[in-house]
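Enquirer: Got chain A; can you put chain B on it based on the hints?
Protein chains in written order, with my numbering: chain A, 1 to 78; chain B, 79 to 280.
Keep in mind that the hints were calculated from the coordinates and are not lab data. We put the beta carbon where it would ideally sit given N, CA and C, even for glycine. Hints are supplied without guarantee of correctness; some may be wrong.
[Stated by the list, open to error] Residues of chain B placed beyond 12 Å of chain A at every Cβ, according to the derived structure:
#1 S83
#2 V87
#3 A88
#4 L140
#5 Q143
#6 A144
#7 R163
#8 D175
#9 F192
#10 S217
#11 P219
#12 R241
#13 L243
#14 E270
#15 H272
[Said to hold, decoys possible] DEER-style ranges, computed between Cβ atoms:
#16 B:A208 / A:H62: 15 to 25 Å
#17 B:K276 / A:H62: 31 to 41 Å
#18 A:D76 / B:R139: 12 to 22 Å
#19 B:A101 / A:Q21: 41 to 51 Å
#20 B:A101 / A:Q77: 14 to 24 Å
#21 B:D190 / A:C4: 17 to 27 Å
#22 B:L174 / A:E42: 20 to 30 Å
#23 B:T271 / A:E42: 19 to 29 Å
#24 A:M75 / B:S176: 45 to 55 Å
#25 B:A101 / A:Q23: 41 to 51 Å
#26 A:R36 / B:D175: 16 to 26 Å
#27 A:C4 / B:D244: 33 to 43 Å
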Amino acid sequence: MISCAEAVRQLWEYLDGVAGQVQSAAIEEHLSLCRRCCGEAEFAAELRSFLAGHSDDDIPPHVHARLLAALAQVMDQP
Amino acid sequence: MGIWSAREVATQASAEQKERFRALAAAQLPRLYGLARRLVGDDAEDAVQDCLLKAYRGYSRLGDQAAAPAWLTSILVNCCRDRGRARARRPAEVDLDSLDEFSLYRKIADEDPFPYSDSLHLDFLHQFGADDVRAVLASLPGHYRIPLVLTYMDGWGTKEVARMLDLPLGTVLAQLHRGRKLFERRLWEYAETHGLLKEPIR
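So that you can see chain A by itself, here it is in the shape it has in the complex (with noise of 0.2 Å):
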């Protein structure tokens, strides 16, 4: 079995769907036996969550003013 230090450097490439065939089910054997990676898993997936959810696209109305007033300027350009 790898090592909990190769699993949980693994974890991310596994989670991301980047890694191998055999690396992934050597993460998910060790997984399947070491309760303490299942809580590096468990904090690596909400770590993404956190991630995702603070993607936000808020537009302040007069930055977004400004930047359609700078594309109706680029496109008056020959």
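Expert: Showing chain B alone in chain A's frame:
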């Protein structure tokens, strides 16, 4: 040619292309601005303006309309990189040696900042508001911040990010690995220095 001259047809086509670009750029503005805020903070508006100009000049070379959001993102990211370089603000030196050893999960468990919490790790993350997250991101060197934001905040796949940054996939994966670790460590340091390690109010 019927009732339309060749010149009129060309003008009509160009007007249609202009209108398509206007509609595309206007629809994408909030997303581009949000991304620019994450990448360059207060320089976001200027970076989006640079992006609009470059995109308009290159629009006729964009073949596949379905690729337009990725194409615009790629242009914006490069405008943000240029602004970052022009500023030449040197980020604090990063101690990479001890970085691989760092685990935020273990750090939170060991330090146990909220002894009465039954969801310690989530409570830690919930201490961070939008401005706090932006401040932590701003503290990362650009080559870590940019792939991290594009992949985990804006949801682009790693291969797409590699194409946008014109880097080999392996380089992007390595930057993501280091970037995540550094982000985790900076989250902890920020929480320590900004008083976020107090018991949350319920």
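Enquirer: Hints first: check each against the structure and report whether it holds.
Expert: Right, here's what the structure says about each hint:
Chain A leaves S83 (chain B) outside its interface by the beta-carbon criterion, the shortest separation being 21 Å against a cut-off of 12 Å. For V87 (chain B), the requirement that its beta carbon stay farther than 12 Å from each beta carbon of chain A is met, with the minimum near 19 Å. Chain A leaves A88 (chain B) outside its interface by the beta-carbon criterion, the shortest separation being 15 Å against a cut-off of 12 Å. The claim that L140 (chain B) is not at the interface with chain A holds, since no C-beta of that chain comes within 12 Å of its own (minimum 15 Å).
Chain A leaves Q143 (chain B) outside its interface by the beta-carbon criterion, the shortest separation being 18 Å against a cut-off of 12 Å. Even its closest Cβ contact with chain A, about 20 Å, leaves A144 (chain B) beyond 12 Å, as expected for a residue assigned away from the interface. With a least CB separation of 22 Å from chain A, R163 (chain B) remains clear of the 12 Å interface cut-off, as annotated. With a closest Cβ-Cβ approach of about 15 Å to chain A, D175 (chain B) is found to remain outside the 12 Å limit, as its non-interface label requires.
For F192 (chain B), the non-interface assignment is confirmed: its Cβ lies about 15 Å from the closest Cβ of chain A, beyond the 12 Å cut-off. No beta-carbon of chain A is positioned within 12 Å of the beta-carbon of S217 (chain B); the least distance is around 15 Å. With a least beta-carbon separation of about 18 Å from chain A, P219 (chain B) lies farther than 12 Å from that chain, consistent with its non-interface assignment. R241 (chain B), annotated as away from the interface, keeps every beta carbon of chain A farther than 12 Å; the closest lies near 15 Å.
With a least CB separation of 16 Å from chain A, L243 (chain B) remains clear of the 12 Å interface cut-off, as annotated. Taking the minimum C-beta to C-beta distance to chain A, about 18 Å, the non-interface status of E270 (chain B) holds against the 12 Å cut. Taking the minimum C-beta to C-beta distance to chain A, about 16 Å, the non-interface status of H272 (chain B) holds against the 12 Å cut. Range check, A208 (chain B) to H62 (chain A): Cβ separation about 19 Å, and the 15 to 25 Å hint holds.
Distance hint for K276 (chain B) and H62 (chain A): a CB-CB separation of about 35 Å, consistent with the stated range 31 to 41 Å. At about 21 Å, the beta-carbon gap between D76 (chain A) and R139 (chain B) stays in the expected band of 12 to 22 Å. The beta-carbon spacing between A101 (chain B) and Q21 (chain A), approximately 43 Å, falls within the hinted interval of 41 to 51 Å. Remark: the range hint 14 to 24 Å for A101 (chain B) to Q77 (chain A) is upheld by a beta-carbon distance near 18 Å.
A C-beta distance of roughly 21 Å is found between D190 (chain B) and C4 (chain A), which places it inside the suggested range of 17 to 27 Å. A hinted range of 20 to 30 Å for the beta carbons of L174 (chain B) and E42 (chain A) is consistent with their spacing of about 27 Å. For the pair T271 (chain B) and E42 (chain A), the beta carbons lie near 27 Å from each other, so the given range of 19 to 29 Å is met. Judged by the Cβ atoms, the range 45 to 55 Å given for M75 (chain A) and S176 (chain B) holds: they are separated by roughly 51 Å.
Take A101 (chain B) and Q23 (chain A): their Cβ atoms lie about 44 Å apart, and the range 41 to 51 Å holds. A hinted range of 16 to 26 Å holds for the C-beta pair R36 (chain A) and D175 (chain B), which are about 24 Å apart. Checked against the hint of 33 to 43 Å, the pair C4 (chain A) and D244 (chain B) passes, with Cβ atoms roughly 36 Å apart.
Every hint from the earlier list agrees with this structure, and none is contradicted.
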